[in-house]
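Engineer: Based on the hints, put chain B in the right spot on chain A.
Listed here are the chains, written in short residue letters.
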Amino acid sequence: KAGVTQTPRYLIKTRGQQVTLSCSPISGHRSVSWYQQTPGQGLQFLFEYFSETQRNKGNFPGRFSGRQFSNSRSEMNVSTLELGDSALYLCASSLGGYSNQPQHFGDGTRLSIL
Amino acid sequence: DQQVKQNSPSLSVQEGRISILNCDYTNSMFDYFLWYKKYPAEGPTFLISISSIKDKNEDGRFTVFLNKSAKHLSLHIVPSQPGDSAVYFCAASASGGNTPLVFGKGTRLSVIA
Numbered sequence: 001k002a003g004v005t006q007t008p009r010y011l012i013k014t015r016g017q018q019v020t021l022s023c024s025p026i027s028g029h030r031s032v033s034w035y036q037q038t039p040g041q042g043l044q045f046l047f048e049y050f051s052e053t054q055r056n057k058g059n060f061p062g063r064f065s066g067r068q069f070s071n072s073r074s075e076m077n078v079s080t081l082e083l084g085d086s087a088l089y090l091c092a093s094s095l096g097g098y099s100n101q102p103q104h105f106g107d108g109t110r111l112s113i114l
Numbered sequence: 001d002q003q004v005k006q007n008s009p010s011l012s013v014q015e016g017r018i019s020i021l022n023c024d025y026t027n028s029m030f031d032y033f034l035w036y037k038k039y040p041a042e043g044p045t046f047l048i049s050i051s052s053i054k055d056k057n058e059d060g061r062f063t064v065f066l067n068k069s070a071k072h073l074s075l076h077i078v079p080s081q082p083g084d085s086a087v088y089f090c091a092a093s094a095s096g097g098n099t100p101l102v103f104g105k106g107t108r109l110s111v112i113a
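Those protein sequence lines, which keep their order, are chains A and B. According to the working numbering, the first sequence is numbered sequentially starting from 1. According to the working numbering, the second sequence is numbered sequentially starting from 1.
Isolated chain A, as found in the complex (with noise of 0.2 Å):
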């Protein structure tokens, strides 16, 4: 069974820029989350979509928004870039249903800011 699928691994961009993240959940999972991970830090929530409806929101600014297509794919969008904005960003997959199931990550895509 195919996992998570997050393109590209790796981008570099300067300030000022904007970025595309993509992100492909496992077949049938319908919960697709974004996570910011910065050195030293944990896993920073960024937004939670299901069934192409944004469904939970982090404490991020304006600039990071997403959306969710009906195969469940999802892309995160930066606009504005800023050299904060450096991290690993991971995407995860769940079921979505109301029950106890577990998130499966992506490698993440690596971004990095000039």
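Hint data in this document are derived by calculation from the structure and do not stem from the laboratory. A few of these clues could be false.
Claimed, not checked - In silico DSS-like cross-links for lysine-lysine, where the CA-CA straight-line distance does not exceed 25 Å:
| hint | chain 1 | residue 1 | chain 2 | residue 2 |
| --- | --- | --- | --- | --- |
| 1 | B | Lys5 | B | Lys68 |
| 2 | B | Lys68 | B | Lys54 |
| 3 | B | Lys38 | B | Lys56 |
| 4 | B | Lys105 | A | Lys57 |
| 5 | B | Lys5 | A | Lys57 |
| 6 | B | Lys71 | B | Lys54 |
Structural biologist: This is chain B only, laid out in the frame that chain A set:
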């Protein structure tokens, strides 16, 4: 305000011995807890979970214990193997897992041969 705390940034254990990783939480609404393992350049891998209706869950060499009154959980790895060397994250959520996971900052486990 850190709702999930892993107070030991690192831990070293001899191969074959028990590894005990600890995690404390402050939010009494948390009712679903998970442990993840992360190798460099890979995403976190789900290890084991426990819901608040239980106080212990086992899966092979991995056992998670939950002490709700102390708001404390621990992961036991027995016996420890060199391949277990990784960063371990504790995570928690409320409402049976239907709210965002809150992660600790991780504990780096080194298993020495």
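Engineer: Each hint needs a verdict: does it hold in this structure or not?
Structural biologist: Hint by hint, here is what the structure shows:
Under the criterion of a C-alpha separation no larger than 25 Å, the hint pairing Lys5 (chain B) with Lys68 (chain B) is consistent with the structure, at around 15 Å. At most 25 Å may separate the alpha-carbon atoms for a hinted pair to count; Lys68 (chain B) and Lys54 (chain B) meet this at roughly 10 Å. With a C-alpha separation of about 23 Å, the suggested pairing of Lys38 (chain B) with Lys56 (chain B) holds against the 25 Å cut-off. Distance check on the hinted pair: Lys105 (chain B) and Lys57 (chain A) sit about 20 Å apart at the alpha-carbon level, within 25 Å; holds.
Straight-line distance between C-alpha atoms of Lys5 (chain B) and Lys57 (chain A) comes to about 21 Å, which keeps the hinted pair within the 25 Å bound. The suggested pairing of Lys71 (chain B) with Lys54 (chain B) holds, with an alpha-carbon distance near 13 Å, which does not exceed 25 Å.
Hint violations for this structure: none, all hints satisfied.
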